[in-house]
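Novice: The residues making up each chain are set out below.
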Amino acid sequence: MNWVGLYNYWIVIFLMMTGFYIVVSQGNLVKKLVGLNLFQTSVFIQYISMGKMPGGTAPIESSAPAVYSNPLPHVLILTAIVVGVATTALGLALAVRIKQAYGTVEEDRIREEDRNV
Amino acid sequence: MRQTHSDKDYQVLQVVAKLLVPYILLFALYVQFHGDFGPGGGFQAGVIFAAGVILYAMAFGLDKAMSLLSPQVLRPLAALGVLIYGGTGVAGMFLGGHFLDYYVLATPPTAGQHLGIFLVELGVGLTVTCVMLLIFFAFAQRAEQAP
Amino acid sequence: MIDIVLLTFLAATAIAVVRHRNLFAVVMLAGIYSLLSAGLFVTLDAVDVAFTEAAVGAGISTVLFLATLALTGPREAVPVRKPYLPMVVVSITGAALIWGTLDMPRFADPQAPIHQHVAPRYIETSPTEIGIPNMVTSVLASYRGYDTFGEVTVIFTAGVGVLALLGIRRKRSSKDAAEKE
Numbered sequence: 001m002n003w004v005g006l007y008n009y010w011i012v013i014f015l016m017m018t019g020f021y022i023v024v025s026q027g028n029l030v031k032k033l034v035g036l037n038l039f040q041t042s043v044f045i046q047y048i049s050m051g052k053m054p055g056g057t058a059p060i061e062s063s064a065p066a067v068y069s070n071p072l073p074h075v076l077i078l079t080a081i082v083v084g085v086a087t088t089a090l091g092l093a094l095a096v097r098i099k100q101a102y103g104t105v106e107e108d109r110i111r112e113e114d115r116n117v
Numbered sequence: 001m002r003q004t005h006s007d008k009d010y011q012v013l014q015v016v017a018k019l020l021v022p023y024i025l026l027f028a029l030y031v032q033f034h035g036d037f038g039p040g041g042g043f044q045a046g047v048i049f050a051a052g053v054i055l056y057a058m059a060f061g062l063d064k065a066m067s068l069l070s071p072q073v074l075r076p077l078a079a080l081g082v083l084i085y086g087g088t089g090v091a092g093m094f095l096g097g098h099f100l101d102y103y104v105l106a107t108p109p110t111a112g113q114h115l116g117i118f119l120v121e122l123g124v125g126l127t128v129t130c131v132m133l134l135i136f137f138a139f140a141q142r143a144e145q146a147p
Numbered sequence: 001m002i003d004i005v006l007l008t009f010l011a012a013t014a015i016a017v018v019r020h021r022n023l024f025a026v027v028m029l030a031g032i033y034s035l036l037s038a039g040l041f042v043t044l045d046a047v048d049v050a051f052t053e054a055a056v057g058a059g060i061s062t063v064l065f066l067a068t069l070a071l072t073g074p075r076e077a078v079p080v081r082k083p084y085l086p087m088v089v090v091s092i093t094g095a096a097l098i099w100g101t102l103d104m105p106r107f108a109d110p111q112a113p114i115h116q117h118v119a120p121r122y123i124e125t126s127p128t129e130i131g132i133p134n135m136v137t138s139v140l141a142s143y144r145g146y147d148t149f150g151e152v153t154v155i156f157t158a159g160v161g162v163l164a165l166l167g168i169r170r171k172r173s174s175k176d177a178a179e180k181e
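Protein chains in written order, with our numbering: chain A, 1 to 117; chain B, 1 to 147; chain C, 1 to 181.
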């Protein structure tokens, strides 16, 4: 069995779990968003790895005959990156508003403030 | 960006930015309009253009960048981008095809595809640039006012 | 070979992101992480994606994070709980996912299902059918134009959302500033 062929996927899973760990274990909302970004990028790497062809080149037609990598994941991820930054910005905007309303972006202290109300 | 430093402290940054910004913006336009033949397209061009303007804003101050591209102009332009995209689709319907069917836009059909893709990418580029800049301005303005 | 090195760097950067408490360092590391992944995309033939990731991940999103930190403060509170439960959950999920990969086609396998269905059609017919050489552009704007329309609408909506939450004040004239005093 060719274990080296799975190295990409394993690293992707490691990165994904790191992002997941940050999201569930850290209390700071900004750090949580960084974790979400890590998670998101690992998904991008997974998609692009799947589209790779052995000895392939970028999917732009050239006069010389060539093997092209799969263009479909590239398209999906290309749009996902830009959508990702737009949604991250929305999350950051929410964090800024939460800071204004509660004076903190730490989850525990936000919960305390809620309880005191 | 706060006024604790004088402008002279940023001179190196400003000179380098002044050299770089025009080329970044030109490169963004190249990526936009050469996207059919090389790597590129509306999404990439939009973010590169926005990154160029953001560099300008960081080197020369937010107010200068905001008077260059004021939010009042960017807001309608962001909507216009989506409208161009949707309008291209609806135009295909009026010319007897389906929604987003570019073959009917011109003859021969591949010319129609060219035209359709050009318009759609233009819409994408416009919306992405404007939205990214608006988001940046919104954040940066808040950050400048922070105590 | 290069991609194995890059992937290892990515993993190291991710660990550093978890361990740092200073959020400025975390944000800069996230920028490095994005730049590394952009390099990885180039080696995996996704030049269009690499472009976007480099401009967005290392450029725009880092700036947005820094602007947020200026408002919310650069230090993270020391956690009161020990993160044992998250660690267990993450380990189990990761193990399940790794078990899942054992059935996946190996990296760069030309027989993988992803290369069998629509991709060959795009690669073979798009240069003549659409008439432009960049297949990513023709799939993005033409074959999957409907998807892309949705994506553009999402970006626009997110922009509207940010403006609704934060808002941009009109340019401050000296009169406004005087009134504020």
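Since the hints were derived computationally from the structure, they do not count as laboratory data. Just so you know, not all the hints are guaranteed correct.
As the list claims (entries may be wrong) - Which residues of chain C face chain B? A partial, calculated answer using Cβ under 8 Å:
hint, residue
1, Ala-55
2, Gln-116
3, Val-118
4, Arg-121
5, Gly-131
6, Leu-140
7, Ala-141
8, Tyr-143
9, Phe-149
Stated by the list, open to error - A few chain B residues that don't get close to chain C, going by computed Cβ distances all over 10 Å:
hint, residue
10, Gln-14
11, Leu-20
12, Val-21
13, Pro-22
14, Phe-43
15, Ala-91
16, Gly-97
17, Val-120
18, Thr-127
Yeah, the Cβ is synthetic: ideal placement off N, Cα and C, and Gly gets one too.
Novice: Next step is simple, just say for each hint if it's right about the structure.
Specialist: Each hint, compared with the structure:
{"no.": "1", "hint": "Ala-55", "verdict": "holds, 4 Å"}
{"no.": "2", "hint": "Gln-116", "verdict": "violated, 25 Å"}
{"no.": "3", "hint": "Val-118", "verdict": "violated, 18 Å"}
{"no.": "4", "hint": "Arg-121", "verdict": "violated, 16 Å"}
{"no.": "5", "hint": "Gly-131", "verdict": "holds, 3 Å"}
{"no.": "6", "hint": "Leu-140", "verdict": "holds, 6 Å"}
{"no.": "7", "hint": "Ala-141", "verdict": "holds, 4 Å"}
{"no.": "8", "hint": "Tyr-143", "verdict": "violated, 10 Å"}
{"no.": "9", "hint": "Phe-149", "verdict": "holds, 6 Å"}
{"no.": "10", "hint": "Gln-14", "verdict": "holds, 17 Å"}
{"no.": "11", "hint": "Leu-20", "verdict": "holds, 13 Å"}
{"no.": "12", "hint": "Val-21", "verdict": "holds, 13 Å"}
{"no.": "13", "hint": "Pro-22", "verdict": "holds, 17 Å"}
{"no.": "14", "hint": "Phe-43", "verdict": "violated, 6 Å"}
{"no.": "15", "hint": "Ala-91", "verdict": "holds, 13 Å"}
{"no.": "16", "hint": "Gly-97", "verdict": "holds, 12 Å"}
{"no.": "17", "hint": "Val-120", "verdict": "violated, 5 Å"}
{"no.": "18", "hint": "Thr-127", "verdict": "violated, 5 Å"}
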